[in-house]
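The lines below spell out each chain.
Protein chains: 2
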Amino acid sequence: MAAEVSNTQIIFNNYIRKYAKEADMILKTSTMKLKVPEDCSDAVLVKNLYLSCDPYMRNRMNKIGAANDYVTSFTPAEPIIGIGVAKVVDSSNHNFKKDELIWGMTGWEEYSLIKSTQSLFKIEHTDVPLSYYTGILGMPGLAAYVGFYEISCPRKGETVFISAACGAVGQLVGQFAKLLGCYVVGSAGTKYKVDLLRSKFGFDDAFNYKDESNLNAALKRYFPEGIDIYLDNVGGEMLDAAILNMKLNGRISLCGMISQYNQQHREGVRNMFNVVAKQIRMQGFVVFLYYSLYPKFLDFMLPLIRQGKIEYVEDIADGLESAPAALIGIFSGRNVGKQVVRVAHE
Amino acid sequence: MAAEVSNTQIIFNNYIRKYAKEADMILKTSTMKLKVPEDCSDAVLVKNLYLSCDPYMRNRMNKIGAANDYVTSFTPAEPIIGIGVAKVVDSSNHNFKKDELIWGMTGWEEYSLIKSTQSLFKIEHTDVPLSYYTGILGMPGLAAYVGFYEISCPRKGETVFISAACGAVGQLVGQFAKLLGCYVVGSAGTKYKVDLLRSKFGFDDAFNYKDESNLNAALKRYFPEGIDIYLDNVGGEMLDAAILNMKLNGRISLCGMISQYNQQHREGVRNMFNVVAKQIRMQGFVVFLYYSLYPKFLDFMLPLIRQGKIEYVEDIADGLESAPAALIGIFSGRNVGKQVVRVAHE
Chain A
1 MAAEVSNTQI IFNNYIRKYA KEADMILKTS TMKLKVPEDC SDAVLVKNLY LSCDPYMRNR
61 MNKIGAANDY VTSFTPAEPI IGIGVAKVVD SSNHNFKKDE LIWGMTGWEE YSLIKSTQSL
121 FKIEHTDVPL SYYTGILGMP GLAAYVGFYE ISCPRKGETV FISAACGAVG QLVGQFAKLL
181 GCYVVGSAGT KYKVDLLRSK FGFDDAFNYK DESNLNAALK RYFPEGIDIY LDNVGGEMLD
241 AAILNMKLNG RISLCGMISQ YNQQHREGVR NMFNVVAKQI RMQGFVVFLY YSLYPKFLDF
301 MLPLIRQGKI EYVEDIADGL ESAPAALIGI FSGRNVGKQV VRVAHE
Chain B
1 MAAEVSNTQI IFNNYIRKYA KEADMILKTS TMKLKVPEDC SDAVLVKNLY LSCDPYMRNR
61 MNKIGAANDY VTSFTPAEPI IGIGVAKVVD SSNHNFKKDE LIWGMTGWEE YSLIKSTQSL
121 FKIEHTDVPL SYYTGILGMP GLAAYVGFYE ISCPRKGETV FISAACGAVG QLVGQFAKLL
181 GCYVVGSAGT KYKVDLLRSK FGFDDAFNYK DESNLNAALK RYFPEGIDIY LDNVGGEMLD
241 AAILNMKLNG RISLCGMISQ YNQQHREGVR NMFNVVAKQI RMQGFVVFLY YSLYPKFLDF
301 MLPLIRQGKI EYVEDIADGL ESAPAALIGI FSGRNVGKQV VRVAHE
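If you read the protein sequences in the order shown, they are chains A and B.
Just so you know, the numbering used here puts 88 at position 88 of the first sequence, and the rest follows in order with no gaps.
Just so you know, the numbering used here puts 196 at position 196 of the second sequence, and the rest follows in order with no gaps.
Worth flagging that the hints you see were computed from the coordinates, not collected in a lab.
Check before you lean on any hint, since a few could be wrong.
Remember, identical chains collapse to one label, so a pair may be satisfied in a single copy or spanning two.
Unchecked claim - The calculated lysine-lysine pairs, modelled on BS3-like cross-linking and capped at a C-alpha distance of 30 Å, are: (1) Lys33 - Lys220; (2) Lys63 - Lys35; (3) Lys122 - Lys47; (4) Lys309 - Lys200; (5) Lys18 - Lys247; (6) Lys21 - Lys47; (7) Lys296 - Lys35; (8) Lys98 - Lys33; (9) Lys98 - Lys47; (10) Lys97 - Lys18; (11) Lys98 - Lys200; (12) Lys247 - Lys63; (13) Lys191 - Lys33; (14) Lys178 - Lys98.
Bound-form chain A, shown alone (with noise of 0.2 Å):
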């Protein structure tokens, strides 16, 4: 006979339209058998470590229509769903052993029951932090590697501007630029942020977008020369300021729009005309359709890391219990570092 444990989870409660708040998920306690259901094949049963609060996560809680978005929505009266760290304590799939630690889309729960497994990476280096597999070595790591390699066609000696610079995806997108050689500003939204960018991430200079009353004359000031490579992690009207700034032939990765998520009515970009003037490419992109590209990302990373050449900073808020709150804060700034919970140690 299995276990029978406590079960603690963040429940989603409904479909929102304006502004998430923690109201908008309930913690409940039930209880879960540890072992999976007769007529679940290729299931895995997990605890779940580590969980991940990513920008996204905010689309997951409108009424998605089909098709109209890359995610769907979250169900409402269930579990919010995500990527997290978790060990396998069952499992009815032949490629995931008791206690192998794998991450991928999980439950925000202690305990998941994950039937769709197609899109779990199993976690073979534990020299490193597990928890940089909501980050640096997972989705958001992988996001800033294609966003600047494979989107950007980066050359050294160009200039690269970066905003929401000090999350998950920025601080390593600037690390990237810095390690090829180009010439690196990041926005962000409080003076610690700004702060770091400059000393721990390296960056050649970084400014605080709240103190600008003129995004395109702080985009001047930094760029007299224009801008070559732009990530765009915010959209709105840093876009649009970044798109004035633009050299002739400029790229601009779109990788999120964190700016945008919490607004009903998205703020319009106005400057499109110079997307034709200076001959710039937009490219959207959707870092879940990157997933093969994981092995070679991690070949990558991983030596970066162990060598100390790359700096990750995270902010790991305790307890299950304070996952929305930590879901919540990702939207005001209020992280410092890719935001991570810690539900259970190993």
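Position chain B against the provided structure of chain A, taking the given hints into account.
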């Protein structure tokens, strides 16, 4: 002693900010000696035969700051400048001889002294109408070629949408796409043009955007499965609607934004998040930067014309005095096909 002739000119009155009107161009007659002045080396004096009315010319009527646009302003009290077909009358440039035909940047006047000859092309093939070198065999033809083959990465069987589809660029892109085996729909602003698209140019379908209260719904009707390639000639609302209807990995080639040129405040594009979510690539391009491809383009295009495989419609206004009205007309879509002004018969 060189002959002195009367030289009627279309003079640019002054910078404008909103709608261009005929009164912004003034007819003036002066005299001119039919000889390149002694102090002008490497210049040509030409008799203009055909002048081209192109949307980008509206931008040259604005006061443009340095490096803010891909073109410079017209000079007030000087003739309008544009692409034309002309015959060399006198030359101090060893590349061009008397009686040779050229196309390139010339003045809106009967005779022009062209001091910068770098972007003049010699016309070698005269078995096609000379006016074609303002369109199908000139800059708009090259724009259609670059916008489709170089920028849009088209594949057989893909779905292609073209706005301002009856224009010089649109009608050619549509036919290129049909030759490749794509499904092609175009939009235009009159029933007559819509009929032309279906009958003469062989588009699979076409619609009058002025009859549609909801452009998003219109595009959904013609592209229930979505659009692979959008060749945007108009910008604004149509671009916003197209973004909503692109398929995953769709490509938008931004060729021009005629709907925006007469507006002081350009419309915002609100659906940019879909560019992320659908992994869309938007690429602006400036045909002047692709002039090196002209010989390759000519080798491609001339046989298609000679074999009758491409239809081409031009709208020829007669006489230099009709040029201001012809140029203003393209912004309200009064022209059917490529708008040309015949200044003189060869």
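Violations among the numbered hints = Those not satisfied are hints 1, 2, 7, 10, 11, 13 and 14.
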